[in-house]
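Protein chains: 2
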Amino acid sequence: MIVATETAARPSARERLLAAADELFYAEGVQTVGIDRIIEHAGVAKASLYNTFGSKEELVRAYLANRRDRSTGRISRAIEGVQGPRAKLLAIFDAQAELAASPGYRGCAFVAASAEARAGGCVEQATDDYRAWIRALFLDLAEQAGADDPAALGSQLNLLYDGATLSARMDRDPTAPITAKAAATALLDAAIKPSGRRS
Amino acid sequence: MIVATETAARPSARERLLAAADELFYAEGVQTVGIDRIIEHAGVAKASLYNTFGSKEELVRAYLANRRDRSTGRISRAIEGVQGPRAKLLAIFDAQAELAASPGYRGCAFVAASAEARAGGCVEQATDDYRAWIRALFLDLAEQAGADDPAALGSQLNLLYDGATLSARMDRDPTAPITAKAAATALLDAAIKPSGRRS
DNA sequence: ACGTGAGTAGACAGGTCTGTCTAAACTCGC
DNA sequence: GCGAGTTTAGACAGACCTGTCTACTCACGT
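Residue numbers (my numbering), protein chains in the order written: chain F, 44 to 242; chain B, 44 to 242.
Source of the hints: derived by calculation from the structure; they are not laboratory data.
Since the list gives no way to pick out one identical chain from another, each pair is judged satisfied if it fits inside one copy or across any two copies.
Within a straight-line C-alpha distance of at most 25 Å, the following computed DMTMM-like cross-link-like pairs (lysine to aspartate or glutamate) qualify:
#	residue 1	residue 2
1	Lys-99	Glu-71
2	Lys-236	Asp-191
3	Lys-89	Glu-66
4	Lys-99	Glu-159
Here the structure is a predicted model, which means the values were calculated and not measured.
Can you build the whole structure from these sequences, using the hints too?
See below:
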């Protein structure tokens, strides 16, 4: 088994391909960007791509898996230093605001990929995985926060999160997560009856 | 000028092309569906398409304009029989719920088209028009409802509306607008201080 | 020095796409 | 009937796409 040069001096062909795919697929769309653009941007030969991934679809799958890991990792990191479920929930929107304000932001990669892919393909599966993770996170934190109806609160906050994603993309408005956070605050206040101690 | 057969017995070639484009573009995507599929589904010759619209891009533009007119018309109809701005705002979500539960629903056509098109094209312009109309509607009703901060409330409700659109599509969950309506109710209660009369 | 294996450049096949063009068929007022 | 304009079917051009294949280069362990 040859596992050398994994994190060697210069990035391997696989890493350069993944980096190029991430950049181009996200910026212009999975369907729009062709293989030739990818390999040109990565600086590798076409045969290297097909030796490494086997097909474009497999490259798309790897691109989405990479996006999922980075997104869930970013959110996890954003809330891990925050104390209390209520503050954690609001910190999710702060992290989203920071992301939406970063240059080159074009909305959720899964929404874009899903709009281009046909139903039932590998894109749909990756999308379902990613969205299930976020949904579970909102539900978990809503339970921890002591909501009267955690499922309802979690869904509502998730809706705000999705809406901010969509608006930031479609309206090119990086302040959408800020608006969502304000609405989330109001929903939290309404959904959590203070049981003894005040905020 | 020849303007006969506008609404004659059998639909004109233009109408059949538009109907075919609406069905196929919405179901499978603007980029994915080719000219040949459109003309086959419409039952017209390729030359008729290019004589009528001139290019595929122009057909896409007509498709989106048609979608916009039907969407804004549907929303206008849904709220025109409802008394009071608060009830009108909630009726928007009822209309959305009905739409999301209809067979073949695949989310917002503009979101899908925007994900496929390149930035700056005619799709972006049509999308901006449509979204500006909805944004103005939410702002107008929030003002009429007497919100303390109409701009904030309008944006927040718009965010819920967008989130429900996205979730209904991505999660294949037609109940998302119902969830959004519940959240909208809570936001309305929090944003409108009762000034004299009760609900 | 040499063989091995990975990477490279690029031609190529087979398919699909948009858009043009030709020639035949059809419609309809007269 | 007839002639003018419209519609039709389909071939075609030119571009682009994915994926395969050949031949060459280069690093490297032994």
